[in-house]
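> Going down the list, the protein sequences come from chains A and B. Mapping the first sequence onto my numbering, position 132 (from 1) lands on 132, and the numbers just tick up by one. Mapping the second sequence onto my numbering, position 300 (from 1) lands on 300, and the numbers just tick up by one.
These are computed hints drawn from the structure, not numbers from a lab. Here the structure is a predicted model, which is why all the values come from computation and not from measurement. Quick reminder that beta carbons are idealized off the backbone N, C-alpha and C, glycines included. Heads up, some of the hints might be wrong.
[Said to hold, decoys possible] Simulated pairs of lysine-lysine, DSBU-like, Cα-Cα distance not exceeding 30 Å: (1) B:Lys-540 / A:Lys-347; (2) B:Lys-508 / A:Lys-342; (3) B:Lys-273 / B:Lys-412; (4) A:Lys-342 / B:Lys-518; (5) B:Lys-508 / B:Lys-540; (6) B:Lys-518 / A:Lys-126; (7) B:Lys-412 / B:Lys-282; (8) B:Lys-484 / B:Lys-345; (9) B:Lys-273 / B:Lys-345; (10) B:Lys-347 / B:Lys-320; (11) B:Lys-325 / B:Lys-195; (12) B:Lys-505 / A:Lys-342; (13) A:Lys-347 / B:Lys-508; (14) B:Lys-540 / B:Lys-492; (15) B:Lys-282 / B:Lys-214; (16) B:Lys-412 / B:Lys-320; (17) B:Lys-345 / B:Lys-492; (18) B:Lys-408 / B:Lys-282; (19) A:Lys-126 / B:Lys-195; (20) B:Lys-195 / B:Lys-345; (21) B:Lys-347 / B:Lys-401; (22) B:Lys-540 / B:Lys-490; (23) B:Lys-195 / B:Lys-320; (24) A:Lys-342 / B:Lys-492; (25) B:Lys-282 / B:Lys-401; (26) A:Lys-342 / B:Lys-325; (27) B:Lys-273 / B:Lys-214.
[Said to hold, decoys possible] Counterexamples of contact, computed for chain B against chain A with all Cβ distances above 10 Å: (28) Arg-71; (29) Thr-218; (30) Asn-288; (31) Ser-289; (32) Glu-292; (33) Leu-403; (34) Arg-438; (35) Asp-444; (36) Lys-505.
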Amino acid sequence: MRVDTAWIDGQPATPEAALRAAADLLDSSRQPFVGGLRTDVIGLRSALSLARRIGAIVDHAGSAAVYPFIVPARESGAFLAAPAEMRRRADRVLILGNAAARTGADVIRMLTDAEPDLGAATRAGKRRFMTLGSKNATWPGAQETAHVDCASEEIVDVLGMVRATLAGRRTGEGALGEETVATIASFVAEASFCCVVFSPAEFGELGTEQIFGLVADLNETTRASTLPVFAEADAMGAALQATWTAGFPLRLSFGRGAAEHDAALNASERQLSGAGEADLAVLVEALAGASPATLEAAIPAILLTADPASAGSAKVAFHVATAGRDQDGVLYDPRFGGFIAKTAQTKSELPSVAAILDALAEQIGERARDAA
Amino acid sequence: MLTRLSGGHVVDPANGRDEVADLYVEDGLVVDPPANGRVADETIDCTGLVVMAGAIDIHSHIAGGHVNTARLLLPEWHRAFQARPGETALSKVGWTTEETGLLYAEMGFTTVVEPAMAPSSALHAHLELADTPIIDKATLVVLGNDDMLMSMIREGESEGAIADYVAWTVSASRALGVKCINAGGSAAFKENVRKFDFDDVVPDYGVSSRQIVKALQTAVTSLGIPHPLHVHCNNLGVPGASSDSIEATIRAAEGSPLHLAHIQFYGYGTEGKRRFSSRGQKLAELVNSTPEVTVDIGQVMFGQTVTISSDELRQFAGSKQASPKKSIIFDHEANGGGVVPMNYKQKSYFNALQWAIGLELFLLIEDPSRVFFTTDHPNGAPFTTYPDIFALLMDRSVRAKWLEALPKSVVKMTSLPEIEREYTLTEIATMTRASPARLLGTSDRGHLGTGAVADVAVYRPDADKAKMFGKAAYVLKDGELVVKDGQVVKRKFGRALTLRPEPDKAMKTRLDRYFDDKYGLSARWFEVPEGALGRDEPFKVVPCRA
Ligand SMILES: [Zn+2]
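One chain only, chain A, in its complex shape (with noise of 0.2 Å):
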């Protein structure tokens, strides 16, 4: 039986001829889009040299969830910890809003498991949590948790006031009244080493900066540190990535030649839309459980996935390995804040990420030298 790894317009084809009908529609495309993204280092390595050989716009499909990290981080600065460090040093954690604890299950299980065991003040105790947001949230089953009720929209305001208590000046009526933020302002300022876990998707950019302004307050006086968790942590490894190799953390364009920044127009969402620039996407669906099973994209499609089922929403598709399952690969892990190498499950037929994309960009040198 022939299995199908290439798609014309939802009809099984070569992988050859699948290939010369992408180049086909790259080459008639006015501003083409690479996105998705979701693929390891090497897939990402060929997915940005593709785009910056075609002039194309970049971005990740899940940028949205680390901007609102990004833009404070870079504007204002932040504290910034690593998970493993937290798990051994803190002896505080406040958990903030009602997406963390979802998000960040397994960040913040690494500190609900252990308890801290280095530094002179840090370690006697047991570690003891705050979480502060809606009660109906999901809350990890720590021994230690002292719950504040609050809706996730009044919690920035809330911090501001704790902010204001800790530096001595009156607050004024708020959402949970002087009492509840002097016990918030007296559990973070108290800690040895306070551990602030949020998304910072829940917060948008301006309550993550109250958030980092928080924690630079307490380290005047004690210490503190930050973990911000993503629902897709991926999208922060390919922020960093396109960081090193083009300067910006994704939301770029190549379009005049060297790399542009600009956050808003190169928004994957504003692209796949119809409502930017790009008149042809090429999307890199191949990680495990991230495929979606259609496209929403209001434009033309090239698509590399993992999941065949999905192949009929685009213009040309291919079937490609997953990496880390099928194939090994280097990935983006929440839990040590970095890279890891993972070795493949099984070993996979299918073509990887980088060996479509590579040639895909073969294919567009060669007619390029042709037509010179």
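Start from chain A and add chain B with the ligand according to the hints.
Chain B with the ligand only, in chain A's frame:
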């Protein structure tokens, strides 16, 4: 293919050469002139040009998590972010991995060492290095604030056990050497200690900075790691305390090799009405009289830059002077670190004196084989300022011009105006080629003897030394012409030079359990598998000494 570089002025101090001669290159190596009258397949006319081995930078922060955070923090200095790029030094610097490789190659540098790779960030650092074209690379792995080492010292474990741990770390992270950054200081800062001296002890470990440095120096020596322990001392940048720390550390070398990094940042006294003065002369004398130590400078040049360091304590302190006012401080495993933008101003008394202190050290340390050419890129200045620094070292009229532009109060506080020394071409080649290769144990480079890798830099002599060294006339990498007239003409990838000491099996088992139990991490995540980098032959192994 046999290539002949004909008629150049060969400056190769490692082999005692300073003469007009032909140089032959074949299959990536320097070869003897053909005896049988064989004619070269290709001749590069080097008549009137200066021929040196490719330069080696032993300390330049070019890759890894902290460097990348600096890129993230400072988008305003990437060329493309602004409609009209500013003429700051950083706007000219290679800010991506690609530009880093190209710009280094264009200056004739062919090997660069990233000196601060955290064990937890080894794969990230090597991924960036694998994306850095043309040049060969290497890394120093950072130890000295890690719980494992400090616990081993506290528990009185044997030197052999500590060496096994160091060997595992070097091998797993694919490093070429070991660096120690404010030993114990970052760990102390995590316990809210804000000042940390060489004989202070890390709370809860009862282990002093001195003990950590000595333990690592012993381990590095016993493992036969060619590069001596690379030390970033305590109290960087603190007037008085910095100079006390480096003096104590140099004296602690006790006859065994030790490398002191970016010593300019430790040449600070407290004299004068601003309580900031030069101790350059005194520090240079101490280096001159301590033959077992080597140093690099960390020269400051004026303009916008960013400081990148795993000295979390000092970066936190420095964040108060951040310009622009933003910084990122990391509480990672072991060292942590920080990224703090800095704008060194010519009109600032403090910054101008820092500049002068760096040059005092360059010029007063007598032996060019023990002082290395660095700006601690980008901490003192971006590496793109190197041509200007060569000019300052080689031409005292250039120094006089720079001094004229400084505040008068600075000129009174430095011995620089009285220093007449000018570096010769041979001394420059010693400092940037022959000695770095010896220091790193990479005997295949840094010279032009038969069998050396054919990394060659050819310069067009010019009265303006900045012009001469800014754009190489030709650069060969592994025998291939990669730069012509200061422009890259061929793209390729170099390799990362690594040691590969055989790790002890029992230590491996112990560390597997340690990382799993204590950190909830797999020890495998600290390893850099060859296949992960997606390049053919990403590494070249350098042997340890027997
Ligand atoms: Zn450095």
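> Run every hint past the structure and note whether it holds.
Checked hints:
no., hint, verdict
1, B:Lys-540 / A:Lys-347, "holds, 29 Å"
2, B:Lys-508 / A:Lys-342, "holds, 19 Å"
3, B:Lys-273 / B:Lys-412, "holds, 12 Å"
4, A:Lys-342 / B:Lys-518, "holds, 21 Å"
5, B:Lys-508 / B:Lys-540, "holds, 23 Å"
6, B:Lys-518 / A:Lys-126, "holds, 16 Å"
7, B:Lys-412 / B:Lys-282, "holds, 17 Å"
8, B:Lys-484 / B:Lys-345, "violated, 35 Å"
9, B:Lys-273 / B:Lys-345, "holds, 20 Å"
10, B:Lys-347 / B:Lys-320, "holds, 20 Å"
11, B:Lys-325 / B:Lys-195, "holds, 23 Å"
12, B:Lys-505 / A:Lys-342, "holds, 22 Å"
13, A:Lys-347 / B:Lys-508, "holds, 28 Å"
14, B:Lys-540 / B:Lys-492, "holds, 16 Å"
15, B:Lys-282 / B:Lys-214, "holds, 24 Å"
16, B:Lys-412 / B:Lys-320, "holds, 28 Å"
17, B:Lys-345 / B:Lys-492, "violated, 38 Å"
18, B:Lys-408 / B:Lys-282, "holds, 22 Å"
19, A:Lys-126 / B:Lys-195, "holds, 28 Å"
20, B:Lys-195 / B:Lys-345, "holds, 27 Å"
21, B:Lys-347 / B:Lys-401, "holds, 15 Å"
22, B:Lys-540 / B:Lys-490, "holds, 21 Å"
23, B:Lys-195 / B:Lys-320, "holds, 15 Å"
24, A:Lys-342 / B:Lys-492, "holds, 27 Å"
25, B:Lys-282 / B:Lys-401, "holds, 25 Å"
26, A:Lys-342 / B:Lys-325, "violated, 39 Å"
27, B:Lys-273 / B:Lys-214, "violated, 37 Å"
28, Arg-71, "violated, 5 Å"
29, Thr-218, "holds, 25 Å"
30, Asn-288, "holds, 40 Å"
31, Ser-289, "holds, 40 Å"
32, Glu-292, "holds, 35 Å"
33, Leu-403, "holds, 36 Å"
34, Arg-438, "holds, 31 Å"
35, Asp-444, "holds, 28 Å"
36, Lys-505, "holds, 21 Å"
Taken one by one, the earlier hints fail for this structure at numbers 8, 17, 26, 27, 28, listed in ascending order.
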